[in-house]
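Colleague: Residue numbers (my numbering), protein chains in the order written: chain A, 1 to 435; chain B, 1 to 435.
Honestly, the hints are just simulated from the structure, not real lab data. One or more hints might be untrue.
Put simply, identical chains are the same to the list, so a pair is met inside one copy or across any two.
The calculated BS3-like cross-link candidates involving lysine-lysine, where the alpha carbons are at most 30 Å apart (straight line), are [said to hold, decoys possible]:
#, residue 1, residue 2
1, 363, 260
2, 147, 95
3, 71, 140
4, 67, 140
5, 309, 363
6, 59, 138
7, 95, 138
Since we're looking at a predicted model, the values are computed, not measured.
2 protein chains.
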Amino acid sequence: MAGRDRVVSLLRQLERMASSNIRYGEGVSREIGMDLQNLRAQNVCLMTDRNLSRLSPVKVVLESLTKNGVKYKLFDNVRVEPTDTSFKEAILFAKNDSFDVFVAVGGGSVIDTCKAANLYSCHPEADFLDFVNAPIGKGKPITGALKPLIAVPTTAGTGSETTGVAIFDYTPLKAKTGIASRAIRPTLGIVDPMHTLSMPERVTANSGFDVLCHALESYTALPYNQRSPCPPNPINRPAYQGSNPISDVWSRHALHVVAKYMKRAVRDPEDLEARSSMHLASVFAGIGFGNAGVHLCHGMSYPIAGNVKTHSAKGYSVEHPLVPHGLSVVLTSPAVFNFTAPMCPERHLEAAHILGADVRQLKRDDAGAVLADTLRQFLFDLQVEDGLGALGYSLDDIPALVKGTIPQERVTKLSPRGHTEEDLSQLFQASMKLY
Amino acid sequence: MAGRDRVVSLLRQLERMASSNIRYGEGVSREIGMDLQNLRAQNVCLMTDRNLSRLSPVKVVLESLTKNGVKYKLFDNVRVEPTDTSFKEAILFAKNDSFDVFVAVGGGSVIDTCKAANLYSCHPEADFLDFVNAPIGKGKPITGALKPLIAVPTTAGTGSETTGVAIFDYTPLKAKTGIASRAIRPTLGIVDPMHTLSMPERVTANSGFDVLCHALESYTALPYNQRSPCPPNPINRPAYQGSNPISDVWSRHALHVVAKYMKRAVRDPEDLEARSSMHLASVFAGIGFGNAGVHLCHGMSYPIAGNVKTHSAKGYSVEHPLVPHGLSVVLTSPAVFNFTAPMCPERHLEAAHILGADVRQLKRDDAGAVLADTLRQFLFDLQVEDGLGALGYSLDDIPALVKGTIPQERVTKLSPRGHTEEDLSQLFQASMKLY
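Bound conformation, chain A alone (with noise of 0.2 Å):
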């Protein structure tokens, strides 16, 4: 009986689990027109951005949709990076008309688009600030019934196809929040690996990024069982929920997919094993992050791609300054886990120790350095911009930073380390330079 207490205690709290259907497999695109008859759609919303409209990822889906008599409409006007006022414009197109089952071909931004079109247009009486998440908007629970929709990622990065989860840019304070509901969750996900194979080198990279950010931060949030607060009703639980047993199997096994293949992914664009192994990590990773959440490096991430004045992105294809997700998050990486690392030394020093690190003569002490350390050697590796300078950020920037993070409570307190606004702003500054 001697365990029973810690193990009472382990279990006081309350965990849910919840994760997606996921078809992979090379070619698996093709068959989404025998999806949507099994589902008996009789008018498809297809969903992508312009960019992806000419390539492959979509034209095979058109393929099968035609092949399989299908009626679709598309709406290929998807931002990258999208904003309150590019999901206003997708949902006005879903409102317009009567659709069955929705579909995205995309990455991140297309297939959270496409997660907000379906909501509102089943919900047209909403206001668009009642789903998107407290303080900025009313976080009301979402009870009514959505369509089907299947969700077809052509980056390796977001976890999108998995979550429950649609980040947008809110442009009247410069900062991303989003809607996080089970309900939104993608009926069915196809991953199809050879869609990976038209990503730019950079666009490889980055989403790496976001996966490898994903799997740490969830891997070291704080524990479900000290989460707060715990809301009686199953259905007002947040979908981030802390990190947990299930959620912890799959971040680690993204980790260690992440430290095997992201390197030979991002430079060999013909090495399909390691582009394959990657989009499989990014559905382990948005399965582990989707359910145990994401800290600081994601809440940070927000001002610093919501205050972007300059910055053009290489290997993307949009004409508006940016600084893709995955590049904003991974930037604060080091600052942030060497911060985080004295609440839970143990998974900071696995970390490392998974991404490469020789840790056996390591102490708990150390396992915020050497973290920090394997991860900035790991971005140099890659020729990732040295840091929040690069992007034309400096010291003054600062409070703007810090005050777009204040919003992200939903994430930022599933930080394993309290912290205050001296802290983001010390984390902020320590990630101007990297190298």
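Position chain B relative to chain A; hints supplied.
Modeller: Just chain B now, kept in the frame of chain A:
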């Protein structure tokens, strides 16, 4: 590009991964009344067995229903190790009312019976054999919508809360068969480790063996890209698709938990940490085998259970002769894995290593023998009956056991090694005595 051909071949065929929603934690079954309210349930069908109906797991659920004003009707006549007759009784109960949600509180027998009751009451026109696996049944695909089903497992073994499988004894052939379709998978599994404290010692052992074999069989199952046939329409694909990179994660993890906690869970009913861990392991293994499948141990277990004459199972409150499912599965495991090892020796060596064997000096050719020895020692330590002989079987029974295995092709075809009736005969013979 060197690896490309290999990878294309790896990915040539198709895979889909389905997981269930699971809520896990001490006391979570007390919340079920709120879940049912959230589902707007007006008339709930609650299924359990006679023995459990007097025990805490059912009491806790009933209290929650009453507290939340949820109306229900109770069916407590589920048979442990159900038959076509007992399934039909439960189906009739469900058809004679109009239920909008189903709740199963019990082990695999209860959950499986409830799946069948939900299925056939939603398809009142169907003949019982319509959805039963071929060749015994017609194996028709399920196209209609079912009612939500919430499963509250009270044993740590079945994994039925995560799978689309319902197993029963088809009495005309004295062989187990089942229904397998993602459509019958529970909507939500409520995994409350407090329930496992009421499991008698032998129920803990036998259900743990089921977890062990789910993990071992799914990890060694024929790889997903080697199975056939491969129906072009996704809706016609089998639930069991062979081992794959996602199910491998679950199967391997479950095996680690079994190795660490199973003996403790069996020996000390108060060891909540061990029993909780095994409860989660049954979920992990369930997701693994629910997608990859099982093979020979399960295929051969059905006639072992179905042909029982006089064996009375300790710790089970039933009046009929019974070979508990987990016991019927595990007794052939040393012989089976000795037989299958040549097809994937690395996986067999890894399994032996996880279960505690020192495999450093071993060669691939030793894999079968070392895993068989490791399993025999594991069973001996847990005081398992000494083979099929101890259940009352003799060599004279082998033809009947082989005959009863033949219709289990749905699972036996997932064996990594092809086999003749003579092979099956030798596997039964080698399982007559273990120590």
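Colleague: Within a copy, between copies, both or neither: where do residue 71 and residue 140 come within 30 Å Cα-Cα?
Modeller: between (33 Å within a copy, 28 Å between copies)
Colleague: Checking residue 67 and residue 140: alpha-carbon separation at most 30 Å within a copy, between copies, both or neither?
Modeller: For residue 67 and residue 140, the Cα distance is within 30 Å only across copies (25 Å; inside one copy 41 Å).
Colleague: Which holds for residue 95 with residue 138 at a C-alpha limit of 30 Å: within a copy, between copies, both or neither?
Modeller: within (21 Å within a copy, 43 Å between copies)
Colleague: Up to 30 Å between alpha-carbons, please classify residue 309 paired with residue 363: within, between, both or neither.
Modeller: Answer is neither; intra-copy 42 Å and inter-copy 61 Å both fail.
Colleague: If the cutoff is 30 Å on CA atoms, where do residue 59 and residue 138 land: within, between, both or neither? Let me know, please.
Modeller: neither (39 Å within a copy, 38 Å between copies)
Colleague: At most 30 Å between C-alpha atoms: does residue 363 with residue 260 qualify within a copy, between copies, both, or neither?
Modeller: For residue 363 and residue 260, both the intra-copy (25 Å) and inter-copy (26 Å) Cα distances are at most 30 Å.
Colleague: Could you figure out if residue 147 and residue 95 sit no more than 30 Å apart (CA to CA) within one copy, between two copies, both or neither?
Modeller: both (13 Å within a copy, 29 Å between copies)
Violated hints for the displayed structure, listed by number in ascending order: 5 and 6.
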